[in-house]
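Asker: Could you build all of it, start to finish, from the sequences and the hints given here?
Number of protein chains: 2
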Amino acid sequence: MGDNREIVVIGCGAAGGTAAQFARKTDRKASITIFEKTMYPQYSKCGLPYAISGEIPKFEELIEFPREWFEKQGINIFLETRVERIDVKKHLVVGRQGGTVIEKTYDSLVIATGARPYIPPIQNVYQNGRLLYGVHVLRTIEDARQIFFEIKNDEKATIVGAGMIGLEVADCLYKKGMKVTIVEALPTVLANSLDSDMSDMVLQMIGKYVTLFMNHIITGVYGRNGKINKVFIKNKETGEEKEIDTDILVIAAGIKPEISLAKKIGCRIGETGGIIVDKRCETTIRDVYAAGDCTEYIDFVTKKPAQVGLGSIAVRQGIAAGINAAGGNYEMPDGILQTRTSRFFEIEIAAVGPTEKSLQKNLMVSGKFKGSSLPKYLPGGEPIIIKTLIHGETGRILSAQAVGSNAAQRINTFACAIYNEMKVEKLRKLETAYAPTIAPTLDAITLACDAAYIKLKHHKKSSS
Amino acid sequence: MGDNREIVVIGCGAAGGTAAQFARKTDRKASITIFEKTMYPQYSKCGLPYAISGEIPKFEELIEFPREWFEKQGINIFLETRVERIDVKKHLVVGRQGGTVIEKTYDSLVIATGARPYIPPIQNVYQNGRLLYGVHVLRTIEDARQIFFEIKNDEKATIVGAGMIGLEVADCLYKKGMKVTIVEALPTVLANSLDSDMSDMVLQMIGKYVTLFMNHIITGVYGRNGKINKVFIKNKETGEEKEIDTDILVIAAGIKPEISLAKKIGCRIGETGGIIVDKRCETTIRDVYAAGDCTEYIDFVTKKPAQVGLGSIAVRQGIAAGINAAGGNYEMPDGILQTRTSRFFEIEIAAVGPTEKSLQKNLMVSGKFKGSSLPKYLPGGEPIIIKTLIHGETGRILSAQAVGSNAAQRINTFACAIYNEMKVEKLRKLETAYAPTIAPTLDAITLACDAAYIKLKHHKKSSS
Numbered sequence: 034m035g036d037n038r039e040i041v042v043i044g045c046g047a048a049g050g051t052a053a054q055f056a057r058k059t060d061r062k063a064s065i066t067i068f069e070k071t072m073y074p075q076y077s078k079c080g081l082p083y084a085i086s087g088e089i090p091k092f093e094e095l096i097e098f099p100r101e102w103f104e105k106q107g108i109n110i111f112l113e114t115r116v117e118r119i120d121v122k123k124h125l126v127v128g129r130q131g132g133t134v135i136e137k138t139y140d141s142l143v144i145a146t147g148a149r150p151y152i153p154p155i156q157n158v159y160q161n162g163r164l165l166y167g168v169h170v171l172r173t174i175e176d177a178r179q180i181f182f183e184i185k186n187d188e189k190a191t192i193v194g195a196g197m198i199g200l201e202v203a204d205c206l207y208k209k210g211m212k213v214t215i216v217e218a219l220p221t222v223l224a225n226s227l228d229s230d231m232s233d234m235v236l237q238m239i240g241k242y243v244t245l246f247m248n249h250i251i252t253g254v255y256g257r258n259g260k261i262n263k264v265f266i267k268n269k270e271t272g273e274e275k276e277i278d279t280d281i282l283v284i285a286a287g288i289k290p291e292i293s294l295a296k297k298i299g300c301r302i303g304e305t306g307g308i309i310v311d312k313r314c315e316t317t318i319r320d321v322y323a324a325g326d327c328t329e330y331i332d333f334v335t336k337k338p339a340q341v342g343l344g345s346i347a348v349r350q351g352i353a354a355g356i357n358a359a360g361g362n363y364e365m366p367d368g369i370l371q372t373r374t375s376r377f378f379e380i381e382i383a384a385v386g387p388t389e390k391s392l393q394k395n396l397m398v399s400g401k402f403k404g405s406s407l408p409k410y411l412p413g414g415e416p417i418i419i420k421t422l423i424h425g426e427t428g429r430i431l432s433a434q435a436v437g438s439n440a441a442q443r444i445n446t447f448a449c450a451i452y453n454e455m456k457v458e459k460l461r462k463l464e465t466a467y468a469p470t471i472a473p474t475l476d477a478i479t480l481a482c483d484a485a486y487i488k489l490k491h492h493k494k495s496s497s
Numbered sequence: 034m035g036d037n038r039e040i041v042v043i044g045c046g047a048a049g050g051t052a053a054q055f056a057r058k059t060d061r062k063a064s065i066t067i068f069e070k071t072m073y074p075q076y077s078k079c080g081l082p083y084a085i086s087g088e089i090p091k092f093e094e095l096i097e098f099p100r101e102w103f104e105k106q107g108i109n110i111f112l113e114t115r116v117e118r119i120d121v122k123k124h125l126v127v128g129r130q131g132g133t134v135i136e137k138t139y140d141s142l143v144i145a146t147g148a149r150p151y152i153p154p155i156q157n158v159y160q161n162g163r164l165l166y167g168v169h170v171l172r173t174i175e176d177a178r179q180i181f182f183e184i185k186n187d188e189k190a191t192i193v194g195a196g197m198i199g200l201e202v203a204d205c206l207y208k209k210g211m212k213v214t215i216v217e218a219l220p221t222v223l224a225n226s227l228d229s230d231m232s233d234m235v236l237q238m239i240g241k242y243v244t245l246f247m248n249h250i251i252t253g254v255y256g257r258n259g260k261i262n263k264v265f266i267k268n269k270e271t272g273e274e275k276e277i278d279t280d281i282l283v284i285a286a287g288i289k290p291e292i293s294l295a296k297k298i299g300c301r302i303g304e305t306g307g308i309i310v311d312k313r314c315e316t317t318i319r320d321v322y323a324a325g326d327c328t329e330y331i332d333f334v335t336k337k338p339a340q341v342g343l344g345s346i347a348v349r350q351g352i353a354a355g356i357n358a359a360g361g362n363y364e365m366p367d368g369i370l371q372t373r374t375s376r377f378f379e380i381e382i383a384a385v386g387p388t389e390k391s392l393q394k395n396l397m398v399s400g401k402f403k404g405s406s407l408p409k410y411l412p413g414g415e416p417i418i419i420k421t422l423i424h425g426e427t428g429r430i431l432s433a434q435a436v437g438s439n440a441a442q443r444i445n446t447f448a449c450a451i452y453n454e455m456k457v458e459k460l461r462k463l464e465t466a467y468a469p470t471i472a473p474t475l476d477a478i479t480l481a482c483d484a485a486y487i488k489l490k491h492h493k494k495s496s497s
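Protein sequences, first through last, are from chains A and B.
For the first sequence, the residue numbers in the working numbering are 34 to 497.
For the second sequence, the residue numbers in the working numbering are 34 to 497.
I should point out that these hints are in silico values taken from the structure, not numbers from a laboratory.
Since no wrong hints were added, every one of them can be taken at face value.
Copies of the same chain are indistinguishable here, so a pair counts whether it falls within one copy or spans any two.
Pairs of lysine-lysine, BS3-like flavour, derived with a Cα cap of 25 Å:
(1) Lys62 / Lys488
(2) Lys493 / Lys390
(3) Lys260 / Lys212
(4) Lys409 / Lys209
(5) Lys456 / Lys336
(6) Lys312 / Lys459
(7) Lys490 / Lys62
(8) Lys58 / Lys403
(9) Lys494 / Lys58
(10) Lys459 / Lys58
(11) Lys312 / Lys490
Answerer: Structure below.
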């Protein structure tokens, strides 16, 4: 109260926690309050698979900023507190912690309510309004902990969804000694990240470790003694049905933005289902900001709305929302690049920008390079494949995908190029770092650009 | 003769070999001739240390493009052929292979004569006009082969020069089980690549493996039975002298461009001692191109001439010289970034752009980040330190240096940023690739930029 700015943040995930942190950095005197519905302060959702595999020895280590950290910063944090109501006129947030009602007025409000896992229609998957025992999603520490304890005596795991999280979980369960089956509705893995020519290689590589049912949907589950025992799947093309014995089912079929509070107060919701925010992360309601998985933002390349579902973007939006909520001024770039990466079964993949299917085919050329991370004469090189998509008229770099050695850091260079609206003709002349033990004189980055540049010249000739 | 263009290339190193290759790609019908004074066609000079260490099992494997490869491309290659004379008026090159004189006329000439090792004044280092037995440079396959065979029974090695090559050789000899001593005239290692705050860390790390005499010059050598036995060194500050027992001495004290032919025909030589070339790699004499270590070119950031001494640049200049010599049109960027990297004693270092000492101190701020390659909660992260230098008025990124995990690929992103004349305010908002097993939500790239950005704001305040 009094003279100091009052800031309320709903949700203490990557976006909310970061927003509170940067609000504090911006305004040392502001009253800052976080409402978080779970019992956990800011922790890494992306780290959950590695707590299941045991690579992270304790679940508590996932907590990046504990309650005490926020308190030390003079940030009030209410855990296990669900926000019941926001009164925009009164600038008031009403939360409930068990039997206690907590009311906080705000000058600025940050909504960082995240997302919830999408559960496709599966017969018998719910029992008494809850997921059948043995059926899981992986979104919270609780989810991970349940999986961790449940699989102790289990042998067979089934995963729905061959996106990045599905494959990361598959790898972790495989490392725990389980027999893993993946069911994917699309014909390709990682469809949001890689084009089929790139993902087909990944498919072949992971096929050594797990059983894959591509083009299959899961139609139902069967429980024995109240615990999952079988899943039923169906080939989308042939209609053929199969049943798979399983001890556990993990559903990794994407997320839905958690927008109910925002919707109630009239924040505009976009076509992807996320809260619409501007460059400052402000919603369509004044003084109300939003950040993270509950939002959508413009894609840098396509200029179309994109669902925000990456921790890297959530943190950056949290920075923006926090600074602006505290009276500062921080603008996000003109769109999100969606730089993304993952590692599973010793394979590193990364991508930035839209995949082919989001781009107009006739306006686009691609270049691909497949080779070694090291010069040919030096043993020990690892495979690296890079593909880049180029605008067929302007030569502008639109996106890039990589599988193999240092894929993520190589994709960061492409991210920087796309962010600068660079043309392939320029990027291919970039002086990349060379040393025999590190990279060839012309890095895979350069050679993928060269391949694209040559195709671009032909494309221009044939279309002129 | 006849209707086809005639191209002559002098030198078949990275620049010359690449020039011939790209000349052929540009003009399928041209007559292309290479004169190479050694018996080897294009091989990797940078790979030589790893042939000594045995990581590359055979010296021949360093040859990237053998004689047959060039012949298959319809390129005439004369090995062990020294060019004696160039007649610019007659467009004629005269070479000598043993007793045979070979004359070739040219429409375009590419000079790619490389560089020779610089040998500082050292008493008794020459014997009968040659280096004393046991004293070596490392520039050719012959040099490497001699070292390889000579050290079979040797125990103690001394290296002059703690630049990238000096340290790479030190590592290789250490791996062969030798006791290695490094003598460096400057107070820091890697002075051309890293600022002292960065290189001091490297100094400490390598101090575990080798004995270092910093700030020492080598004044003389002592030979016993015609073979080196001792080196004499002197502390530059105190004048104190020492002698070091050694079985071998490797001099890695930099290079001098090999420009005698170019000078004779009147090519303009620049202040760094290299042949001056333009964006098309043409010298000041028409139809005469030059590429690689024999040239100098403008530094992208300082706009001052810089000696070209990196394989990555040599190859890129070779591309330009070859295409242009064959009638194509290829322009180099407006300067060289000097992106560079090296690995020794399990340390990866990389840098791009000028070090502090080449920049005006009052116009510059720096930002540094030291942390882990992975999020804190995930074990197995490796140290990474990144420093970036920023123009204090414009905020433009001038250079970056990295030591540790994936230093080279991280520096490539900075190279791309510098190449786009990006400001730190923009680069710090780059969406970097994040996954717990690969990199934190805010990569070291971002955090170094953040540190610089904060200092930039203070700098502007204090100077306004």
